[in-house]
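Chemist: Residue-level listing of the chains:
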Amino acid sequence: MPKHLLNPNKWIDLYADYLFNFTISRVNDREMAQDLVQETFLAGLKSMKNFKGEASERTWLISILKRKIIDHYRKINSIKGKAEVRITSNNDSETEGDWLEERVADPFDKTAEDTMQNTELGEAILNCLSKLPEKQSEVFRMKTIEGIETEDICNELNITASNLWVIIHRARTAMALCLKENWF
Amino acid sequence: MSKKLKIGIPCSEASLVCDKSQYKESSFWEKVKLHVHLLYCKVCRDYTKTNSKLTSIIAQSKVRCMDKKNKESLKNEFNKVLKKENF
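These protein sequence lines are chains A and V, in that order.
The first sequence: position 124 = 108 (this note's numbering), numbered continuously.
Position in the second sequence (first residue = 1) + 5 = this note's numbering.
Next up, chain A with everything else stripped away, as it sits in the complex (with noise of 0.2 Å):
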């Protein structure tokens, strides 16, 4: 099996949009997300001689992350413990009902298995965005997860309206190739 090796210097360009979608899923808060990645990044950087090279460096990071994610967690839960007595058993007698019928899950409600399924199927979005070419990946990126105008990413980039779709086009194909496996 070959050995897996780290390259810090890429690790940004790589690996942020996706530790980044990782964690927010999780934590739902954009700042707080923001400062997980950065930390994972540089905690990986200082525990690189503990890298065997068993696994993939994403995977890597996001085992650090993960566990940064739990901390993160424990923090808030324990300053809030020693704040307040939470009382957790239903007892908002304004907002839950007293009958048992309405405290039946609403079927039309998100489950959690749907949650869970979009986040992975954003994890396997961005990992396939990862294997494009540089320069697709992020026109692909900007149009179309933070749909930025045409005409702001040509000036941005300095390119043609039909130079753009061009890019997109070939964006696309891959990427419906990428995921037809799994998702399509």
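Don't read these hints as lab results, they were simulated from the structure.
These numbers come from a predicted model, not from an experiment.
Note that CB positions come from ideal geometry on N, CA and C, so glycine has one too.
Keep in mind that a hint or two might mislead.
Stated by the list, open to error - Calculated pairs, EDC-like style, for lysine to aspartate or glutamate (alpha carbon to alpha carbon, straight line, at most 16 Å):
id, chain 1, residue 1, chain 2, residue 2
1, V, Lys25, A, Glu133
2, V, Lys67, A, Asp(-3)
3, A, Lys164, A, Glu107
As the list claims (entries may be wrong) - Below, a sample of chain A positions facing chain V; criterion: calculated Cβ distance under 8 Å:
id, residue
4, Leu(-11)
5, Pro(-8)
6, Ala0
7, Asp1
8, Gln22
9, Asn102
10, Leu105
11, Lys127
12, Thr128
13, Ile129
14, Trp149
15, Ile152
16, Arg156
17, Cys162
Here the structure of chain A is known, so what remains is to put chain V in place on it, guided by the hints.
Modeler: Frame of chain A, contents of chain V only:
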């Protein structure tokens, strides 16, 4: 070529219009021409199908990215540390 309204378009143009419509940037007339093309072109029909599917799953996943400014500042900060540690 005469300046008559041309309703037949080649596949290259059809796929361009199809890409544009994924971002709601195609005009009405372009869409009409695309749909006429789709009537007789199986390849473009398939392309349109996968293309719309791609759009819908991306929307469904609610995938999010770091914005550019924050990514730059993260990069700068990280590179500073990298330099200090001599990579």
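Chemist: Check each numbered hint against the structure and report the violated ones by number, ascending.
Modeler: 2, 4 and 17
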